[in-house]
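Protein sequence lines, in the order shown, are assigned to chains A and B.
So for the first sequence, the numbering used here puts the first residue at 1; every next one is plus one.
So for the second sequence, the numbering used here puts the first residue at 1; every next one is plus one.
Be careful, since some hints might not be right.
Repeated chains share a single entry, so a pair holds when one copy, or any two copies, can fit it.
[Unchecked claim] 20 Å max Cα-Cα, derived SDA-like pairs, lysine to any residue: (1) LYS312 <-> ALA463; (2) LYS312 <-> GLY339; (3) LYS704 <-> SER258; (4) LYS278 <-> LEU203; (5) LYS695 <-> GLY667; (6) LYS770 <-> PRO608; (7) LYS306 <-> GLU342; (8) LYS311 <-> ASP465; (9) LYS669 <-> GLU628; (10) LYS704 <-> SER633.
Hints in this document: simulated from the structure, not taken from any laboratory.
Everything numeric in this text was worked out from a predicted model, so none of it was measured.
There are 2 protein chains.
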Amino acid sequence: MAQSVIGTPWHRLNEAVPEEELKGVDRYWRTANYLSVGQIYLRSNPLMREGFSREDVKHRLVGHWGTTPGINFLMGHVNRLIADHQQNAVFLMGPGHGGPAGTAQSLLDGTYREVRPDITNDEAGLQKFFRQFSYPGGIPSHFAPETPGSIHEGGELGYVLSHAYGAVLDNPSLLAVAVVGDGEAETGPLATSWQTNKFMDPLTDGIVLPILHLNGYKIANPTILARISDGERDEFFRGMGYHPYNFVAGFDDEDHASIHRRFAALLEAVFNEICDIKSRAAAGEASRPFYPMIVFRTPKGWTCPKTIDGKKTEGSWRAHQVPLASARDTPEHFEVLHGWLESYDPEELFNDRGQIRPEVTAFMPSGELRLGANPNANGGLLRTPLELPDVRKYEVPVAEKGHGFGATEATRVLGEYTAELINNNRDSFRIFGPDETASNRLQPSYQVTDKQWFGGGVYDDPANDEHLSPVGNVIEQLSEHQCEGLLEGYLLTGRNGLWSSYESFVHIVDSMVNQHCKWLEATVRHIDWRKPISGLNMLMSSHVWRQDHNGFSHQDPGFVDILLNKSFNNDHVVNIYYPADANQLLAVAERAYTSTNCVNAIFAGKQPAPTWQTLDEAREELSVGAAEWTWASNTATGEEPDIVLACCGDVPTGEAVAALDLLDQLGVKVRLVNVLDLLKIQNASENDEAMSDEKFVELFTADKPVLFAFHAYPGTVRRLIWERPNHDAFNVHGYQEQGSTTTPYDMLRLNDMDRWALAADALRMIDASKWADQIAEWEQFRLDAFQFAVDNGYDHPAFTDWKWHGASDAGEVTSATKMTAGDNE
Amino acid sequence: MAQSVIGTPWHRLNEAVPEEELKGVDRYWRTANYLSVGQIYLRSNPLMREGFSREDVKHRLVGHWGTTPGINFLMGHVNRLIADHQQNAVFLMGPGHGGPAGTAQSLLDGTYREVRPDITNDEAGLQKFFRQFSYPGGIPSHFAPETPGSIHEGGELGYVLSHAYGAVLDNPSLLAVAVVGDGEAETGPLATSWQTNKFMDPLTDGIVLPILHLNGYKIANPTILARISDGERDEFFRGMGYHPYNFVAGFDDEDHASIHRRFAALLEAVFNEICDIKSRAAAGEASRPFYPMIVFRTPKGWTCPKTIDGKKTEGSWRAHQVPLASARDTPEHFEVLHGWLESYDPEELFNDRGQIRPEVTAFMPSGELRLGANPNANGGLLRTPLELPDVRKYEVPVAEKGHGFGATEATRVLGEYTAELINNNRDSFRIFGPDETASNRLQPSYQVTDKQWFGGGVYDDPANDEHLSPVGNVIEQLSEHQCEGLLEGYLLTGRNGLWSSYESFVHIVDSMVNQHCKWLEATVRHIDWRKPISGLNMLMSSHVWRQDHNGFSHQDPGFVDILLNKSFNNDHVVNIYYPADANQLLAVAERAYTSTNCVNAIFAGKQPAPTWQTLDEAREELSVGAAEWTWASNTATGEEPDIVLACCGDVPTGEAVAALDLLDQLGVKVRLVNVLDLLKIQNASENDEAMSDEKFVELFTADKPVLFAFHAYPGTVRRLIWERPNHDAFNVHGYQEQGSTTTPYDMLRLNDMDRWALAADALRMIDASKWADQIAEWEQFRLDAFQFAVDNGYDHPAFTDWKWHGASDAGEVTSATKMTAGDNE
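In isolation and in its complexed conformation, chain A is listed as follows (with noise of 0.2 Å):
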């Protein structure tokens, strides 16, 4: 077992919690809400002693107080739980625009003032905490990476309880608290990650306690799950597989000892019911828990002023943000505000010299057991290094440069390559998919692995279920969502893994995608204290040119464009790479399967394919990013060709090569390159990891023609190499964005990336009038192959049967077997 297990988990209190404790929890509360609103508000005197006026608050009043005072409330009992049961547990904020409450739990529980020891344990250390909040050159407002103990951000919605869910995958001691804000529950990833309940195994795997947040309101609106009645709510809940517990506080005049008291009890009762489904689970018992969730109805922005100005605020919409936005210039404001802070009777909570008092935090837990300390939220201390398995026992053989159309499904070999990976890894490397794992060819994993799903129902059907187990390494819920946020909540605790979706609908993605990336940027810019966690890898196959059964809305290969916006900073969080051939892909895995603190996104293709590189070659190739094929180039050492075509993607590789052997044959000087790794022919001056301009011009020549195949849309390689010498010269055939239901050849047909087309287009870019009949009869070419698919149904054999001419027969494969039925879904 890779993961540290701290504390001695799912360990039973079984009395009741002190009253002592009760009160620290009470004193938490206190102090995390005034070190809230404090952050809020205050950029002076942050004590409010003599002469606190309006001068001492913030000019620019930003932040969220409304979500802040439950969370605050959650975050004190989740420590008291830590601490009575010694349990290993992270916090995930799921409204995470209660960003202070995170920055107060961190300072209450050591860890801030450990990686930020400029905030000092004094008066002057807490203006310093107060006024860097949301302020230039500050920190942000969100529960941020800036945040020990954080694994989740939470400005974007949607994403909680699939963090959460990652986080305790293989990981059976940990608690994993995700707070769910009921404005949040609205979005569709939130929506479908409560199911993902149906795929943990309460064994081997870790719990998660979802809180939903019902506070009534998101920015301007009720929410829905406030409005509905308790009994539908409770339905929905147990109809997703959950024991729903509700908890009602802050609408009469309770008083918070015996709120507190009743939650402490709650908390108890629920723990409890999370050992039992252990301690059963450790008993052999198969049949799926029901996992125990509290609805936790308090009103928002609870402990605030009741009304402002008279108008309802706690417990209303009108407590999401700033309640007081003019207190700096409202005397009355200021007022209202300076009462509101102390309702928390700061003197009880501080000392004179502006330290927290030590029985404020005497309850709290102590050393990794600490939220802000607990490794699983800093999940490069837990990471250890793969066990790679030999890549090249996986090396598709090249007996002669150059096959014809080959046998060779590239992801399969992946597949197969990392079957052995997560034999090697069973802890620690997952895979998941969007219920397209085998159609993108990566079941070779089922050798050695079963797809988990933890049925355990009347409906389960053992007889014809394959590879289905309560355990296993691969997970396949129809969500890219869920893929996506299951692996970064996976990578963000220390473990490893991949996902695989069809090239097009990668783009459901694009967003979490791009929040990832913000904390990798954030994180490799200046937080020093946060240990590398692994690269995610993304392997895009069904990919654009080979969805010709699937029709127009399967073909879409523009998710490069969103990663291409995450790199051009020299942060190097993301890694673009396009392998040409099964070899290709095995090197990229390789380092993939090594990186960290970035995204690898690899498209390649799951259909037979030929193989054109050694793994040797494909090795050196990567190390530069692009290389020569001096075998399929037909220019003498040193020559300079009439023409460079450049390739980049399996599918417009195999054109290219093609239509260099239709050059060839007119004797036509070709120099044939192909980009791996995309990122590597950048503008130098975006990227310090690119190759040079020398190198640049010594592959693509100073000043010929280059005629470039690419795999996605000709847009991405135009803005790439703005700057690059001879850019003027490249004349790139992307995807047209002309797709319809069809067959292969014709889908590049449609795009003009089919060999004809691009040999005609070499032809006119060296002379076209010289060229002219050569050109014509390959335009007519086309249009009579297209004919014969239409004619026969399939494609035409000068476009299947065709090999390289230095090809061995090894890797002929009949039209047949190219022609099969297409992807799966």
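With chain A held as given, fit chain B onto it using these hints.
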């Protein structure tokens, strides 16, 4: 009421469905199943006459059988319901893979041959109908726009309920039968879309009837909802406000007549319940009804061979795609296929001439009640132009050219204009928002309408709720997916609308927008019979340059790059507008609200800002796409500038004008060019509506340096103008992915977009050594201004108090106003 009401909606039958009709439905089912198998497998001899052999099987077998027979069953019964009740109804197919069912339905109701007369009503036509399916030059395998009756392709899963709910809004007579795949149900967007029933008004909106197609399997795995207990699933749906009806068939020997009888009775009961809901609503009942829905549990691939090669096929994931993939190559498999086709008794269904027998279709509805002819599935037929208010009423006065920082929130002006628009078009214009309608300043609408919200529950709070009502033109569900999906459904049924998003989070719907664009592309390219639908208007506010306080996670202007991938093909399905001020925004809105078959992406700020142009000037600039602002340029007429300052986006434009001010003081000659319609500067070769190269040179010069201050990532401009004259002289400043939680000025500074950075770079481009001292001075000032903000908590007055040297004081506001708390959320 703009909608055509066909039929006699909500009419009870009050008697059992006659057996003769049930026989008709059974014939329909068998015919549709035969037509579906035929489409997937057969290329010739569609009636299996003498000599039927493997040669008649397609070479390449693609398509999806699994979901199809269940949908055929449902379509048959829905046809019966429509005919008996004369009910206005549309059918949405969540699992779009059931494409063969959609084309079969349209062939059966007669609409297919109306739009495709080449599919003749004889054996040759039938052969063509079979062969074209997922075939080169043929039709898509999904319920695509090519098929009459479709408003939802289903190629990407998850959106069927949002489309259905969008379709029934303000469409009180419409029944939208929405089949939800049980795999699809695992997606996030689908999971949250169930909850949209909370917004529906049973009186003024139509009714969505969801049917969960519970066939147990996705591609290769069981589905979650098929494996949980019936009790859990019932609770799940009741918990979301539905009344679930369970129907199970196909797992035993029950004869088909009995199954049809049971389902018809169920559908009658459900329909009666819907009629009751409508009646109670008409009688004024205020409580939210539980809407009926059906759980339709039948075997995957129902009626296909139970086993193939000894492996369970019907009722298994093996039936997902093409169960007999080798039917052409393997005689045994061909015989299985033959027997399968014969099992439908085709001789009872088709006459000798290959025509469907009249007794098959006798029970079906006629005219516009046919699913393929319902005008709600060809919304352009119902669309009427909006009654536009006079936009001039909302023009912001520009007393003197060029203000300083002004007091106008541009999107609030849009909100005022849109409010009158709503008032003029109450049944055909809606705003959707993810709880950001007010945050994005569209709340003037609340002067004329409300936020639709059908709470009707114990937790209603009328004393404190504002602008909530069972009927209203605004809907706010905290889900970008729902906003986009509801608006798509509303537009596709002939209406109009707008939704707004924080710019960063619009990436959440990247993939949905891609899919809508693809629908439109297919339509404008080759589906003449689909009449144009209204443009889909998206307002991206709370944009990157004013998300300083919300921090890095809220800063991403990259949505434009998704749109660009749909905008280089002369389909003109995308428009991208960056209005620089309120009057430009009005001019854009006026155009967008009258546009058709496109997505209008409008990026506009909501913070107080200057107004630069009159409405007439804005309109004139919009007609070209860009304009020189001669009042700002300091060149004499006809004089060439030292440099062109180009700008696009409200904040970059303000900074460019201020930079010009700085340069003017040095005597540098500057031309200012503002770009409003981004695609008008796109390479003319990629966009036949872009400006000519001559116009481009007229604006940007033939050879002068151009400094371009751009709202989004710089790469966007680079890829747009790749082929334009003088493109290598463009130096683009854009968002450099440098964000944090800071101030408005500092956001600009971090990304070299502030006026001093622009001016300094302009001097570098002109003569770096000559201007070295000035450049150094400005660079120092930039740091000083940052330090000022750190020291004071607000931005330097040189930034906030600047105004254009020719400006009057009319638009001036205090620094305090400029620095109020930022955007909500």
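Hints, one by one, checked against the model:
no., hint, result
1, LYS312 <-> ALA463, "between (60 Å within a copy, 10 Å between copies)"
2, LYS312 <-> GLY339, "within (17 Å within a copy, 72 Å between copies)"
3, LYS704 <-> SER258, "neither (81 Å within a copy, 75 Å between copies)"
4, LYS278 <-> LEU203, "within (6 Å within a copy, 50 Å between copies)"
5, LYS695 <-> GLY667, "neither (27 Å within a copy, 42 Å between copies)"
6, LYS770 <-> PRO608, "neither (37 Å within a copy, 62 Å between copies)"
7, LYS306 <-> GLU342, "within (15 Å within a copy, 75 Å between copies)"
8, LYS311 <-> ASP465, "between (59 Å within a copy, 12 Å between copies)"
9, LYS669 <-> GLU628, "within (14 Å within a copy, 47 Å between copies)"
10, LYS704 <-> SER633, "within (15 Å within a copy, 40 Å between copies)"
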